[in-house]
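The primary structure of each chain is shown beneath.
2 protein chains.
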Amino acid sequence: MSCTAAVIDLSLAAVAFEQWMQDAGNRFEDAADRVLPQPDVVPQRLHGAMRYAVLDGGKRVRPLLVYAAGEVTHADGDALDRAALAVEFVHAYSLVHDDMPCMDDDVLRRGKPTVHVEYDEATAMLAGDALQAEAFKVIADGVLPAPQTAALMRELAHASSTSGMCGGQAIDLDAVGTTPTIAELERMHRMKTGALLKAAVLMGALSGRVSALTECTREALAQYGEAIGLAFQVVDDLLDVESSTAELGKTAGKDARQSKPTYVSLLGAQAARAHSLRLRAQALQAVADLGDGALRLRELADFIVCRKR
Amino acid sequence: MSCTAAVIDLSLAAVAFEQWMQDAGNRFEDAADRVLPQPDVVPQRLHGAMRYAVLDGGKRVRPLLVYAAGEVTHADGDALDRAALAVEFVHAYSLVHDDMPCMDDDVLRRGKPTVHVEYDEATAMLAGDALQAEAFKVIADGVLPAPQTAALMRELAHASSTSGMCGGQAIDLDAVGTTPTIAELERMHRMKTGALLKAAVLMGALSGRVSALTECTREALAQYGEAIGLAFQVVDDLLDVESSTAELGKTAGKDARQSKPTYVSLLGAQAARAHSLRLRAQALQAVADLGDGALRLRELADFIVCRKR
Chain A
2 MSCTAAVIDL
12 SLAAVAFEQW
22 MQDAGNRFED
32 AADRVLPQPD
42 VVPQRLHGAM
52 RYAVLDGGKR
62 VRPLLVYAAG
72 EVTHADGDAL
82 DRAALAVEFV
92 HAYSLVHDDM
102 PCMDDDVLRR
112 GKPTVHVEYD
122 EATAMLAGDA
132 LQAEAFKVIA
142 DGVLPAPQTA
152 ALMRELAHAS
162 STSGMCGGQA
172 IDLDAVGTTP
182 TIAELERMHR
192 MKTGALLKAA
202 VLMGALSGRV
212 SALTECTREA
222 LAQYGEAIGL
232 AFQVVDDLLD
242 VESSTAELGK
252 TAGKDARQSK
262 PTYVSLLGAQ
272 AARAHSLRLR
282 AQALQAVADL
292 GDGALRLREL
302 ADFIVCRKR
Chain B
2 MSCTAAVIDL
12 SLAAVAFEQW
22 MQDAGNRFED
32 AADRVLPQPD
42 VVPQRLHGAM
52 RYAVLDGGKR
62 VRPLLVYAAG
72 EVTHADGDAL
82 DRAALAVEFV
92 HAYSLVHDDM
102 PCMDDDVLRR
112 GKPTVHVEYD
122 EATAMLAGDA
132 LQAEAFKVIA
142 DGVLPAPQTA
152 ALMRELAHAS
162 STSGMCGGQA
172 IDLDAVGTTP
182 TIAELERMHR
192 MKTGALLKAA
202 VLMGALSGRV
212 SALTECTREA
222 LAQYGEAIGL
232 AFQVVDDLLD
242 VESSTAELGK
252 TAGKDARQSK
262 PTYVSLLGAQ
272 AARAHSLRLR
282 AQALQAVADL
292 GDGALRLREL
302 ADFIVCRKR
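Those protein sequence lines, which keep their order, are chains A and B. Quick note: the first sequence uses the working numbering, first residue 2, plus one each step. Quick note: the second sequence uses the working numbering, first residue 2, plus one each step.
Here chain A stands alone, though its shape is the one from the complex:
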């Protein structure tokens, strides 16, 4: 199935998926609004900035992956909300810090001024720091049995660490102006974006029934997460070239201006698109044996590869 076919396919299944995405998105917003510190509680400015960084914005790809993977193991709503919040808090903190003047120095994110522009740099740094702590707190405060709680926190810590997101970000900084091999670029993205997307899938599954998460299912989900994590980044690189700032809600054309090596700069747009479709196929293949429980994961694979922003 091509992307165009997927987008215009208004079959009942597609409508149901749209509805599921909307419901999951609303559920996430409600949970975030409830769990994030209220803006009238001291320190108000910090709480305001944390809420500004998280609420009303973004595609919520990571929370959607959590909710979708939770269907594989029949996870409970509260546990899934917590895993979704944790992953999105880490993602949001990384965006706040990445946008700061000492990093990407960007002024627009999710169609709004970035946090350090709307507030100030000190508040933005603290809001990012506090969101990372909040990510671990929201899981620690859940009611899952301790072995699951500990496993969720372990997954999140590894994905956020120097062997995951932070490490990938550092490699990305070092790569500006260089021409890495495709293998090197892929390694960087596996860490920078892929690790947290994969963690979202595994954490969704870890939030459910332990008996439903066999070693085999876990391995299938890990493979799905790895493939979809890379596919997400290839599409991100394509969109940076092909879309406008207004469509993206963040500054377009930034990679080329910053001389950042991307899938597009290394492969060309056509080969990058083909690569994204290959990764989508790998993701679908990985969960092919998981039956109906993996329906939303399959649909999300199409959504991630065919998205326009």
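I should point out that these hints are in silico values taken from the structure, not numbers from a laboratory. This structure is a prediction, so every number in the text was calculated from the model and none was measured. Even for Gly, the Cβ is constructed at its ideal location relative to N, Cα and C. Check before you lean on any hint, since a few could be wrong.
Stated by the list, open to error - DEER-style ranges, computed between Cβ atoms:
{"#": "1", "chain 1": "B", "residue 1": "R279", "chain 2": "A", "residue 2": "T252", "range": "27 to 37 Å"}
{"#": "2", "chain 1": "A", "residue 1": "D77", "chain 2": "B", "residue 2": "S212", "range": "30 to 40 Å"}
{"#": "3", "chain 1": "B", "residue 1": "K255", "chain 2": "A", "residue 2": "E19", "range": "50 to 60 Å"}
{"#": "4", "chain 1": "B", "residue 1": "D142", "chain 2": "A", "residue 2": "S212", "range": "22 to 32 Å"}
{"#": "5", "chain 1": "A", "residue 1": "T182", "chain 2": "B", "residue 2": "T180", "range": "11 to 21 Å"}
With the hints as your guide, set chain B onto chain A.
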């Protein structure tokens, strides 16, 4: 006992305490050197900055509190190392971020150039972010039973969050140039410094035998942690006024220059010193019934209040 008496008391007990501190400090340095990502592993610059931020510096008050509290519950060495590393990683990340130009803009820490001066701002921000993740990772990767692992991470997450360290830091930012009441100042310090010091005590105890940590013992340790956490800050304020930059290894006289309200600016030096001794007495009183297991905690209370840097 006055501070002077404590410092010049070279009884056998004092010598034994000095030796214990040195052994615990060496043990911590070895563990940190082993657990922190190696500087020759990609991304080298980030790993170098993380190690620079943690190794060879500081009084290690938080690790010492972890090791001392672990004696109350007969905790195992590896578990204590992990709790000590976690607390110190969070402390170290907060210093790296606090020193950055958008916060305190300081160039000297632990007698060395600050991380953003030695490396650069982007690396400093990432190193701080990665150290926070590493803090949770080092506990998650331990071998304690899951309920203890989850409890440790919960304690750390709360102490680091907006209701703890990050929140206190934000209140501190907002307080520059104002004259808070003593109660407001105390609240700020309970969050900014006290929460993590208290967490160090509780995490040390949580790393040991569950049966040894009765509700009563836990409450005693929490009270000790609260009192010693505040005492630490009162002494910090005094040292900022009374010591030289060379003695402190960080810029002295900074609070007054930044118009920061402190115990000294609100109470005067003499009353602040008296307050620190009252808090020391409270700390000692809290653990009076814990017997020999709390010996190091008692000695640390004296060390924290009588320290010269």
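Evaluated hints:
In this structure the supplied range 27 to 37 Å is violated for R279(B) paired with T252(A), their Cβ-Cβ distance being about 55 Å. The hint said 30 to 40 Å for the Cβ distance between D77(A) and S212(B), and at roughly 32 Å that hint holds. Separated by about 56 Å at the C-beta atoms, K255(B) and E19(A) satisfy the suggested range of 50 to 60 Å. In this structure the supplied range 22 to 32 Å holds for D142(B) paired with S212(A), their Cβ-Cβ distance being about 25 Å.
A beta carbon spacing of about 60 Å between T182(A) and T180(B) contradicts the range 11 to 21 Å that was offered as a hint.
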